[in-house]
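Student: Those sequence lines, one after another, are chains R and Z.
When you number the first sequence by this note's numbering, it's gap-free, plus one each residue, and the end is 217.
When you number the second sequence by this note's numbering, it's gap-free, plus one each residue, and the end is 217.
Treat the hints with care, as some may be off.
[Stated by the list, open to error] Taking beta-carbon pairs under 8 angstroms as the criterion, some of the chain Z residues facing chain R (in silico):
# : residue
1 : Thr32
2 : Ile39
3 : Phe60
4 : Thr62
5 : Ser147
[Unchecked claim] A few chain Z residues facing chain R, derived, Cβ under 10 angstroms:
#  : residue
6  : Lys21
7  : Gly23
8  : Gly46
9  : Asn111
10 : Arg151
11 : Ser212
What the hints contain is simulated information worked out from the structure, not anything from laboratory work.
Every value quoted in this text rests on a predicted model; they were computed, and no experiment measured them.
Note that beta-carbon positions come from the ideal geometry of N, C-alpha and C, so glycine has one too.
2 protein chains.
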Amino acid sequence: MNIGVLGTGMVGNTIGSALVKLGHSVKMGSRTKGNEKAIAWAAANGANASEGTFADAASFGTVLFNCTKGEGALDALHLAGAENLKDKILIDISNPLDFSKGMPPSLFVCNTDSLGEQIQRAFPQIKVVKTLNIVNCEVMVNAARSSANDRGTMFVSGDDAASKQTVIRDFLTPWGWDDVIDLGDITTARGTEMMLPVWVRTWGATGNGHFSFKIVR
Amino acid sequence: MNIGVLGTGMVGNTIGSALVKLGHSVKMGSRTKGNEKAIAWAAANGANASEGTFADAASFGTVLFNCTKGEGALDALHLAGAENLKDKILIDISNPLDFSKGMPPSLFVCNTDSLGEQIQRAFPQIKVVKTLNIVNCEVMVNAARSSANDRGTMFVSGDDAASKQTVIRDFLTPWGWDDVIDLGDITTARGTEMMLPVWVRTWGATGNGHFSFKIVR
């Protein structure tokens, strides 16, 4: 299918390349057409990879991945344009990390709200599915990257049940996530976004960012 | 050793009984001596189980377990009395859950502070070790309760390295926690306390509260 990836950073790169490998046509979007990082990514990923503005990528994709930094997510979606987002699934893997007060980051929204909810409220015409935000991007697209012998759990949150099933079938399953828990509506994104502080501290304590969380049960 | 358990609820009961089984002498403390639940617990747990006020339990124990509800934790410690707490290890397993706005609960402190830090700041004479707060109390005292074939990870947070090692050796290890990550100082308790929202939602989604979190790596 045609997929728009919003964001040209490490997460957008990794997700975009993994989507091309799955056989999809992918357009990477950024603030301005001709972004150097987006051009380099497209050049490295063959005929099914292209680049353009956020609006170009949103218009192109039937499914969109939000790979922006959390603080830029709403801006990027406003630039993408409401008419280009209408009725599309937005897989939101961004986190509301606030680095302005130094390390480790805090969250600029949490507890009684979440970035996933902010996006869904601002753009009611899209179907937000929050997932993958609790692991490093290399683990996102390869669940086995954490361990050859064990597998973490992935969560999905969103108001539209069919969209969550699409995301599980078309992306999480091919990327090796065979234990997925549907937490419920988009308010449950508070829970997974609030895992970021322990993610950051676990990374700091172990020196290993390629871990995942498994619900042992 | 002599251990004081603060709190007479399900968590205090389960922790207290498990400590007696490990061979310790345990005094359960509550707001007033003669609390019915504390008397019943002591009667059910033999000669090494006794009850009294928060101050009695704190004075009795060389190690203390904070098993109060989060909202009552600081009050209980004030009632215990600074002189009874001096130089003791306080294993803080409480969570800052706020049920006042209905279910699911939010946290009354998070992100840039934590209940573990509030306790450490209010009582600098105690050595707070935050741990066990991310699982159901039956799992706290029996890591194998989640799964016969797999084991979750337990985190410890606290400013005093030796106290964390004592807690791991004397309690976490006997209770089956063979994968423990020391996250660092007490500020890292923000991370584990902020796991509560996803704990609550996972419980809701799966109908199973006897799970644990494993860091797959």
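Student: Broken hints, numbered, in rising order?
Tutor: 1, 2, 3, 4, 6, 7, 8
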